[in-house]
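Trainee: So you can see what is in the structure, the chains are spelled out below.
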Amino acid sequence: MSTVVNDTTIHDLGYQRYEGAREGVRGAWRVLFAQGFRAMFGLGRPLKSKAVPAFVLAATMLPCLATLAASSATKGQLPIMYGNLIESQLILFVLFAAAQAPELLSHDQQHRVLPLILTRDVTRDVYASARLAAVWCALLVVCAAPLLLLYIGEIGIAVDPAAAFTKMGTKAGPVLMQATLTAWVIGAIGAAMASMTARRAYATASVIGLFLVATAVSIGLDDLAGVSADVSGFVDPLRSLHKMSLILFGEKNRAMDLAAPPPLWMFVALALALGAVGAIATCWRVRRVRV
Amino acid sequence: MLITHELTRRFGNVMALDGLTVSIEPGITGLVGSNGAGKSTLVKILLGLLEPSSGSAHVMGHDVVRENRAIRSLVGYMPEHDCLPPEMTAAEFVSYMARCSGLPATAARERAAEVLRHVGLFEERYRPMRGYSTGMAQRVKLAQALVHDPRILVLDEPTNGLDPAGRDEMLALIQRTGREFGMSVLVSSHLLGELERVCDHVVLIDAGRLVRAERLGALTGETGTLLVEVDGDVEAYCAALMAQGLVVQRDLLRALVELPNGDDAESVARVFATHDIVRDVAVATGVGLLRLERRRGHLEDLFAGATT
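As given, the protein sequences belong to chains A and B, one line each in that order.
Here this note's numbering is used: the first residue of the first sequence is 1, the next is one more, and so on.
Here this note's numbering is used: the first residue of the second sequence is 1, the next is one more, and so on.
These aren't lab readings, by the way, just hints derived from the structure by calculation.
Some clues are possibly wrong.
Unchecked claim - Derived list of chain B stretches under chain A, where covered just means 3 residues or more per stretch with a C-beta under 8 angstroms from a C-beta of chain A:
no., region
1, 76 to 86
2, 284 to 292
To be verified - Only part of the chain A face toward chain B is listed, based on derived beta-carbon distances under 8 angstroms:
no., residue
3, Gly20
4, Gly24
5, Ala28
6, Leu32
7, Phe33
8, His111
9, Leu116
10, Val122
11, Val289
12, Val291
Even for Gly, the Cβ is constructed at its ideal location relative to N, Cα and C.
Isolated chain A, as found in the complex (with noise of 0.2 angstroms):
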């Protein structure tokens, strides 16, 4: 074994134990997070994991940035819109957590790489909140960042920053919980459907079908049975994310000014629920993947 050593060839010096640390399950869940946030950015994944981040951050940041733009031209005439902006944003989150949660949640199944890791040190459900939470992180940095860029904008292009710090501060709060939120909702939904199949293909297109199905299911409600758009809304999560950041942002599209909205506890009660529903998901299957 080990204790003998060749001194003629450096090369082989026969099998060596392995003596050093172990960090145990929390090692694992850190690698399992750690391989699993780069996956969604396609990193450490071939060139066409990419295409998808790439184009959704900046597609998502590009508007952010030209309306920046505009509203520096005009000296702060022309008002930013948060909320306006996060609607036609959603559904590239969506289109994100689609093509990139079952880079972690279907490959492992796909390549049955799974049954490894899971007679190492992970547990499954160490494997599934490792994955969720990368998939949590991953979504909170792409739904994080052009509201971000928007209201450090803000702050830049005002003719005195820091008075507009100062009266800007109130928005930090809105922000970081609508990105929050966001990335709550669409990562448990995304990570759920991703773990359901080892088919990627079939998982990218489950996340997006879920979400298009809601949207039909709640414009469906409003426009034929003639529920009340208040409470059709909640049956799609991206309109109930978009009007929830209408409330947090203090803004206003047409429908509202008829009547007052539901109130914004109702949003993030509904929200708060979605997610939990796809991480419970996401563990329950996990569990029961046949390896």
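Please arrange chain B on chain A, whose structure you already have, making use of the hints.
Mentor: Relative to the frame of chain A, chain B by itself:
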């Protein structure tokens, strides 16, 4: 080392394991059975990937269900199926697996490089595994099972899909792992010939039940039968041998002659005498002696006897 007691696992109506009680000792152990005999199910239960329906199993004194965590650093698992993500390089993948076993990043990289060298993968380890041949893929699978320095290696059909040369290399590697690295190895296979070459013990299961578990030497040593192959009238030859007072069985063109048992001088002398009779009778009946050898036990015989 590995002990199961009345181990049973059901998949719906199918009994994959049916009250299997076996004790596996340190060394290289072959787990033999036809496809669907329950080999992979047993392996997965020992690894904690599946829970038994009833009964118990222990790995180095740890219960596989209750002390699942303790077993994880003790075993290395090489699955039967493909398990390599195509876009990763072997070096990345093996060190990733090491880190999943809780090794710190630097140690994981060093260990990965070391075990990849042991299995004979050098420059190729920096290439994505998409382009690997089956032989290279099998080496990477073995390397990832070794990387966290387990005490027991569990190899599920390690020679599957390899050409004869690749198979020889893989078997040599397994043998080296068992002998030089000081690990116990449980290697499953449905190919018996290859197990004969590397294993100390063999466990034979069929339809989820234990058929035999023995030291390999006991199974494949010399038997007390002399195999005589002759050219000519076998029937007359056998009759002539029996006339000399020997116990003879005819097997196609061969005569199987029972030899006396025992190690004492008298028995050995009688064994020599029997050889003489066989020769003399051949001369007397005018048949040509083609082959004369002690019959050896083969795993195939054992297997055929067990399953038919």
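Trainee: Indicate, hint by hint, whether the structure satisfies it.
Mentor: Verification of the supplied hints:
Counting residues of the region 76 to 86 of chain B whose C-beta lies closer than 8 angstroms to any C-beta of chain A gives 8; at least three are required, and the coverage claim holds. Coverage of the region 284 to 292 of chain B by chain A is violated in this model, with 0 residues showing a Cβ closer than 8 angstroms to a Cβ of that chain against a need of three. Satisfaction of the interface hint for Gly20(A) is found here, the shortest Cβ-Cβ separation to chain B being roughly 5 angstroms, below the 8 angstroms cut-off. The interface hint given for Gly24(A) is met, as the beta carbon of that residue sits about 5 angstroms from the closest beta carbon of chain B, less than 8 angstroms.
A cut of 8 angstroms between beta carbons decides the hint on Ala28(A): the least distance to chain B is about 5 angstroms, and the hint holds. With a least beta-carbon distance of about 7 angstroms to chain B, the hint placing Leu32(A) at the interface is held under the 8 angstroms criterion. The interface hint given for Phe33(A) is broken, as the beta carbon of that residue sits about 11 angstroms from the closest beta carbon of chain B, more than 8 angstroms. Annotation: His111(A) was flagged as interfacial toward chain B, and the flag holds, the nearest CB pair being 5 angstroms apart, inside 8 angstroms.
Because the smallest distance between the Cβ of Leu116(A) and any Cβ of chain B comes to about 5 angstroms, under 8 angstroms, the interface hint for this residue holds. Annotation: Val122(A) was flagged as interfacial toward chain B, and the flag holds, the nearest CB pair being 6 angstroms apart, inside 8 angstroms. Because the beta carbon of Val289(A) sits about 11 angstroms from the nearest beta carbon in chain B, more than 8 angstroms, this interface hint is broken. Hint on Val291(A) holds. Least Cβ distance to chain B is approximately 5 angstroms, under the 8 angstroms limit.
Of the numbered hints given earlier, the model fails hints 2, 7 and 11; all others are met.
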